[in-house]
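Here the protein sequences line up with chains A and B, keeping their order.
Residues in the first sequence are numbered from 380 upward in steps of one, following this note's numbering.
Residues in the second sequence are numbered from -12 upward in steps of one, following this note's numbering.
FYI, nobody ran anything at the bench for these hints, they're computed from the structure.
Each hint should be verified, as a subset may be incorrect.
What the hints assert, rightly or not - Far from chain B, some chain A residues (derived; all Cβ distances over 10 angstroms): (1) F501; (2) K566; (3) P614.
Claimed, not checked - With a Cα cut of at most 27 angstroms, we get these calculated DSS-like pairs of lysine-lysine: (4) A:K386 <-> B:K83; (5) A:K386 <-> B:K171; (6) A:K566 <-> B:K(-10); (7) A:K381 <-> B:K145; (8) A:K585 <-> B:K171; (9) A:K381 <-> B:K171; (10) B:K171 <-> A:K583; (11) A:K662 <-> A:K574; (12) A:K574 <-> B:K(-10); (13) A:K566 <-> A:K583; (14) B:K(-10) <-> B:K83; (15) A:K583 <-> B:K(-10); (16) A:K585 <-> B:K145.
Positions of the beta carbon are idealized from the N, C-alpha and C atoms, including for glycine.
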Amino acid sequence: MKTENQKAWFFVLPVLFLVAFNALVPIMTVVNYSVQETFGNNLFFWQGLDWFEQILRSERFHAALGRQFLFTGLILAIEIPLGIIIALSMPRRGIWVPVCLVLMALPMLIPWNVVGAMWNIFTLPKIGMMGYFINDVLGVHYDMTQDPLAAWITIIVMDVWHWTSLVVLLCYAGLVSIPDAYYQAAKIDGASPWKVFRYIQLPKMKTVLTIAILLRFMDSFNIYTEPFVLTGGGPGNSTTLLSIDLVKIALGQFDLGPAAAMSLIYFAITLLVSWLFYTLMTKDDNK
Amino acid sequence: MRKRSLIPIFYILFLMLPIYWLVTMSFKTTNDILAGFSLFPETFTLDNYRVIFTDPTWYWGYINSIIYVSLNTVISICVALPAAYAFSRYRFLGDKQLFFWLLTNRMAPAAVFALPFFQLYSSVGLFDTHLAVALAHCLFNIPLAVWILEGFMGGVPKELDETAYVDGYSFPRFFVTIFLPTIKAGVGVAAFFCFMFSWVELLLAKTLTAVDAKPIAATMTKTASSAGYELGLLAAAGTLTIIPGAIVIYFVRNYIAKGFALGRV
Chain A
380 MKTENQKAWF
390 FVLPVLFLVA
400 FNALVPIMTV
410 VNYSVQETFG
420 NNLFFWQGLD
430 WFEQILRSER
440 FHAALGRQFL
450 FTGLILAIEI
460 PLGIIIALSM
470 PRRGIWVPVC
480 LVLMALPMLI
490 PWNVVGAMWN
500 IFTLPKIGMM
510 GYFINDVLGV
520 HYDMTQDPLA
530 AWITIIVMDV
540 WHWTSLVVLL
550 CYAGLVSIPD
560 AYYQAAKIDG
570 ASPWKVFRYI
580 QLPKMKTVLT
590 IAILLRFMDS
600 FNIYTEPFVL
610 TGGGPGNSTT
620 LLSIDLVKIA
630 LGQFDLGPAA
640 AMSLIYFAIT
650 LLVSWLFYTL
660 MTKDDNK
Chain B
-12 MRKRSLIPIF
-2 YILFLMLPIY
8 WLVTMSFKTT
18 NDILAGFSLF
28 PETFTLDNYR
38 VIFTDPTWYW
48 GYINSIIYVS
58 LNTVISICVA
68 LPAAYAFSRY
78 RFLGDKQLFF
88 WLLTNRMAPA
98 AVFALPFFQL
108 YSSVGLFDTH
118 LAVALAHCLF
128 NIPLAVWILE
138 GFMGGVPKEL
148 DETAYVDGYS
158 FPRFFVTIFL
168 PTIKAGVGVA
178 AFFCFMFSWV
188 ELLLAKTLTA
198 VDAKPIAATM
208 TKTASSAGYE
218 LGLLAAAGTL
228 TIIPGAIVIY
238 FVRNYIAKGF
248 ALGRV
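Pulled out of the complex, with its shape left as it was, chain B reads as follows (with noise of 0.2 angstroms):
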């Protein structure tokens, strides 16, 4: 059994190097960063940080970041739910078909699709907005969140559907009081994956706004000047990125442990 653990612990160290690597960085001078390779900070500086917080071009980034990303796990995780449900309770004309065409949308690459998303958004007067970039990363968080909640609610019994309605509850009550809860696992698993998508997404959301909407991985581009990289900034700004996701799955990583265990899968 001690000998099983060192793979993890060796998997888990080789993650963390880049990780380390990069913390380091955001507490140098670029000048020190460039001087040389060192494990550890020589000065050590807070001025990476100091500008993100107090530029507000800086720290609107990570704002709107946050604005689309809820956005986009919201509204997809609410469209979902319904038809994972149909996909899990019920047969109907072109189910199958569906399901796949629905997978299908995850494969479009994104890198073509940028173009036309614009003229798209553009056309319809979102161009710039949160909703927009919520909007497009639907395109593949809907196909992974119906998947994933399919196969929860496979996993939970039908006996359970007819019980409620012999009981006398109308469907409504008992999605929401009854069904719910018992997938609140699942739930969880979509809603992390959804926001994991959409927060590392770049493409769709830099071609989607400009100013107001802008999102924090695209204002590190500016940190790329003619005088060269500034590369103490860029790592700060990157270790911030990690920080809304970190307490993301701090939230759920009990559903992520024990959560899949309830479902089917």
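One chain only, chain A, in its complex shape (with noise of 0.2 angstroms):
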């Protein structure tokens, strides 16, 4: 099908020109970093693993690692399937295809700050909307601050809220463009809804599954700004993910060492997930 030809890497020159100026320049400084001690002065000291084998072995890190393993989890878990049933049953054509991917689209082009803002209003009791409904109407105590259950909610119902729109313009995308003649195809053949989804809709809806399950991946996994400015990490750590621990250690502790040790520990642990998704997923392209 493609043809080879070398001279296409001149096609990709300013792309990795861009890119590499962005990306290996600062992996270099953390991998330098890593690796040594300072003690200011820009008095730098060769320090070997050092830092990697005390993150590794910290359980502070852990913590942190599974908590965010578990809020990964739970988004994918949520935001996939939902993102597919409103797919499905959103309108094919009309007048109400533009609305719908309009309004959907809106949570997802609000600044992540004003995003956590405005979702620690909305859940505050007394005065936010949902806060007052479920403590006053609802009768049920429910305060973000203070209780972990409740901050866990409000993250994840937040998360929904801004990125499943991502999940649904995606696959919205991928259906629209199956041809009608699959369908009726499917309908002479008698076949049930669930064959038609099992069969047609979701091969079809393949590739931009596999970008959507990757992209909400990989932001769920470096999520900072939202849950950082929605709970600051608390009630105690209960809500600190990865990014937001290792923040505290490279800016609050001022750890730069340990910090750049974790940070490629974790930029590692992203990369394996990601790229066992990607193989997983395009597996049977490359047949």
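With the hints as a guide, bring both chains together as one complex.
Encoded structure:
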């Protein structure tokens, strides 16, 4: 199908140059920090792999990593099926299509710190709409600044609110690309709705689902601003996700070495999981 | 059919509630907000908006954001187009590895890279310029743009290219006059994603700017003072950040709706 052409490299050069400038230099800096110890005055001492060992053994890191996997797992388990269901039930043509799409895309266009601040006030008891409704109308005690479970529910609901639309938009795009002939053929064969979904719609959505799952995995695994503004990692450490912990170490305690080692481990985990997803989901295409 | 449309309706209602809440809050005074919950503003006020439109540090925040976001979108699309074409049409040494490497740049935790980014951009003398933020955001926008455009280009049959060469078109002329119009929906979708991710990203934008190119989202942290949050002002500024995005979606809505259908995706 594709022709072999080494000159195609020239087309890729600008991208390579721009991305490498942004990616390689900072990574080198981080690698540098991760193997050195500093006592200020720009004096650095070779430290070896001590920081890596220290981080890998620390319970604090394990706890943050555990919370991070729990958060990302829950996000994917809720947003992907929900996104597919909503995309399946959206109108295919007519004036409601653009209305739905524009309204659904709105949450994604709000800057992340605004999302955090907005949900913070939204869920406050007494003055926030959601906080008032749950506390005063339903009579259930709900205060995310005191109760870890409430804090977790709040960050999950916030993320579902913020990002499910991305899955919906991508899946919808995949669904629209299915020619009507497929459905007509299925109708003649008397296929049940489940079979239509399993053998026509799902395979056609595969490419976009790959994009959706990978994007949601990467972004939820690296999430920082929203939960930080919303709960600040609290109450206690209950919502201190990996990147929040990292910034606490790097900027709060100014331990550059351990922070750099931690971020490289963090990056490696993200890379490994994404690579697994990517190979698993594109496996059939390469055959 | 009727019952099925309830799902999107409920979903949209769920999406709109916090946004409605933000907008009503922007028409209240901070004291009103703190006094207790109310569905409508009791004393309707435009003071919050007046502050934003008359104070240069506020409205320049918006202008700065729009400048670097537009710059980033243009740069990302311009360099992603040839690269996506190469990935979709040719096989070359290391193409698959390169494609995955591009993707990995989206996974870099920005929280960690903020400090090295600051050092890098300070050392090349770009600190506190719109270009610095626009270039930094390329890190995660270019891979996404290449990815999306490659999907759309893969959907265009190769015969189109070949016919054009037979007809005596040069490559640049073919690319601009024939190929680009065929995938314009893809360009629209890619531009929308670039705009969106650059518009909402704050950590890098805040790190790379001080005064001259300060984004609106960073200006908003001003509302927190020793006297507590100025909630009304925060809400008004938040409401205004939705507007440019809403305008962009309005223009690309047809591309999003029909656009993807043309692509292989």
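Structure-based check of each hint:
1. F501: At roughly 5 angstroms from the nearest Cβ of chain B, A:F501 sits no farther out than 10 angstroms, so the non-interface label is violated.
2. K566: 15 angstroms, holds
3. P614: Non-interface label on A:P614 holds, nearest chain B Cβ at 19 angstroms vs cutoff 10 angstroms.
4. A:K386 <-> B:K83: Holds: A:K386 and B:K83 sit about 16 angstroms apart, inside 27 angstroms.
5. A:K386 <-> B:K171: 25 angstroms, holds
6. A:K566 <-> B:K(-10): 21 angstroms, holds
7. A:K381 <-> B:K145: OK: A:K381 and B:K145 at ~9 angstroms, within 27 angstroms.
8. A:K585 <-> B:K171: 23 angstroms, holds
9. A:K381 <-> B:K171: Judged against 27 angstroms, a Cα distance of about 22 angstroms means the pair holds.
10. B:K171 <-> A:K583: Since the Cα atoms of B:K171 and A:K583 sit roughly 22 angstroms apart, the hinted pair holds (cutoff 27 angstroms).
11. A:K662 <-> A:K574: 23 angstroms, holds
12. A:K574 <-> B:K(-10): 20 angstroms, holds
13. A:K566 <-> A:K583: 17 angstroms, holds
14. B:K(-10) <-> B:K83: 45 angstroms, violated
15. A:K583 <-> B:K(-10): 25 angstroms, holds
16. A:K585 <-> B:K145: Roughly 23 angstroms separates the two Cα atoms, so the pair holds.
Hint compliance for this structure: hints 1 and 14 are broken, all remaining hints hold.
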